[in-house]
Amino acid sequence: LSAGELLLCEASTVYKYIQEDGSNRGTYGKLVCTNFKISFLDDDSASDDNEPQFKNKIVGENDITLQCVDQIYGVYDEKKKLLTGQLRKYPEKLIIYCKDLRVFNFCLRYTKEEEVKRIVSGIVHHSQTPKLLKRLFLFSYASAAPNNTDGRNQTVMFETLEDWRDELERTKGNVKYKAVTTNEGYRVSEKLPLYFVVPICISEESILKYEGRGIPIWCWSCHNGAALLKMSAFPKEQDDSTSQMQKAFLDGIYKTISKPPYELLKMDDLSSSLPSLQDIQTAYTRFKQLFLIDNSTDFWATDVKWFSLLESTNWLEIIRRVLKKAIEVAECLEIQHTNVLLIEESATDLCCVISSLVQVMMDSYSRTKSGFQSLIQKEWVIGGHGFLDRCNHLHKSEKEEAPVFLLLLNCVWQLVQQYPPAFEFTETYLTVLSDSLYVPIFSTFFFNSQHQRDTNKSGESLKTQSGPFRFLTVWDWSVQFDPKAQAFLNNPLYAEKPKPDKSQRKTARFKHQRQLSLPLTQAKPSTKRGFFREETDHLIKNILGKRIGKFINSSDEPPNSLREFYDSWHSKPVDYHGLLLPRIDGPEIKVWAQRYLRWIPEAQLHGGGTIATAAKILDLMEEVQSLQVRMDEERSQAVSGDVHSVPMLRNSARLSSLFPFALLQRQSVKPALPTSTWKDLEDEDDLVRRDDEFVDLSGDML
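The sequence shown begins at 7 in my numbering and counts up one residue at a time.
Mixed in with the good hints, there may be bad ones.
Unchecked claim - Distance ranges between label pairs, derived from CB positions: (1) Tyr260 to Asp460: 27 to 37 Å; (2) Ser574 to Met163: 54 to 64 Å; (3) Glu119 to Met163: 45 to 55 Å; (4) Ser277 to Asp460: 47 to 57 Å; (5) His131 to Thr187: 41 to 51 Å; (6) Ser279 to Gln631: 21 to 31 Å.
Note that these hints are calculated values from the structure, not bench results.
Predicted model, so just to flag it, every value in this text is computed and none were measured.
Quick reminder that beta carbons are idealized off the backbone N, C-alpha and C, glycines included.
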């Protein structure tokens, strides 16, 4: 048990199915529920040979935090039923769907009836019913855990005035913008952070007048002086007199920040130019169902109609629209030298997505690990994104739930897989960051605002009897991973920023590599093989291939000036430390395969996928490092010993594209479905091993 963790209920002789085939293979063990997680304790799992290299020290492979539980189904006489509230009858099987897309199948037929009642009702109650904020395990852990965290965290937390002034100085925005203390004591608004940045010409009275609404808040300054701003809009339904006063107030603000020394101002109301939060939630709910696979039969059945199912979710189209909007903003800042003001009702949802994406695209510092983490702190954590409501951690209202932060990570992943050398972190980093949304020992993703976090910080501590809670930050990766596992979060092929006199060499060096990392495009004609035959090609090859693009409607083509900017940039060699523009034409927007397919053995590539490249690179790096150590030893006996650890990979024959989250899984058997589709395929090699025209050219793993 972790610090502050309490055992609530347990059941013995529970049988956990291995979901990769329909053979009902599995293992017996004990199913327990605590105030932190649901765990299956397997008697056979204590084998060093099966110990994963990428092991999370907090949440094991058979652990599900209560916040990670999505839905729970019971099986009664082979029929599935959603379990909520009080249960009159208890199921013979329990299926738990997780928000990180794992699926657990437990058989309770051999468990004592009383234990079944306790464990099922306990799991349903503690993971599905509404709870108070202070009942989160976050507070139990903070009051009981020792405060021995890694002090080497370089992330800027933006909790002090000095942090904001340093950021202004870093971006050269301190000439026209100022960090203000007006909200100290939260006297302006509880939704705003303690400190934030506004144009120098904005008075304290203006900030106080409407609780911060209608005030342009600074996000970032471009190298040419143009700035990205955001604003919380006034409510649309107001009486006429109030509306007129607010309009006059806004007109005065706009005039003030539109004249010299400020650049021209372009306003963008994101509520009208991007999908609504409800649309995003609906699309993601449909999309994730494609990956919550119960069994092998279901996998192959959905594989036949994979593209039509994927198109109907609209998730990839939403990602494309968000990236397109970020390119529009980048063009205004970079080419037109225009300030951009993003407007949204609260300025804490889509404003966070667009402002973060623009900074990742335009500021190479945001593509380093510490820079990206500082960006998330600035725009999301301190910026007031409602993680508690949007992730529905308290199960209070599904109306507020929307995967806004996941949308950002999906968009950043598109850039990472298109331009691997530009990022200091890997897609594995993004994947574990998305998993950390549901680990309630970190305060980072469990509050709606800085005010809510500060006001809930005071409480009784088991160690000191009184005083504030000391919450952990997710950015201290040593809490979850040991140094060898953390090495998977760092990109070994990251292009370090070269010295100015080597700029010519830098351009030539990366020109060809960029071409290799590009996905296949629409230019290549599609094969004429028939619709259903075409859709039965192996999932993992198709998911990263060109045909996804055929089903993504690109009807809203960019305006001419934007198109010229986009095409012009893509016609030149990439500067990995300059502006980055994602490719957004239909086939370029891909599914984040590592996050969504990592638990599906049927979708694995044996000894293949991007892991084949990663294994060779990491092994080579380890060899180079060991040679360097030997050379240093020969030169001097005083060896520093400060050598970055690189993970020792297992024999690549035992790896698959599921790595590093799982080792090679047993090959699934394609079920004998009574359809003509499978009969057509009987004479061909196994789908997984078939030669196919679709190849993954991107460096996803890196």
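Taking the hints in turn, this is what the structure says about them:
1. Tyr260 to Asp460: 27 to 37 Å: 33 Å Cβ-Cβ, so the 27 to 37 Å window holds.
2. Ser574 to Met163: 54 to 64 Å: For Met163 against Ser574, whose Cβ atoms are near 38 Å apart, the range 54 to 64 Å is violated.
3. Glu119 to Met163: 45 to 55 Å: 51 Å, holds
4. Ser277 to Asp460: 47 to 57 Å: Given about 29 Å between the Cβ atoms, the range is violated.
5. His131 to Thr187: 41 to 51 Å: Because 45 Å falls inside the window, the suggested range holds.
6. Ser279 to Gln631: 21 to 31 Å: 49 Å, violated
Consistency with the previously given hints fails for numbers 2, 4, 6, ordered from lowest to highest.
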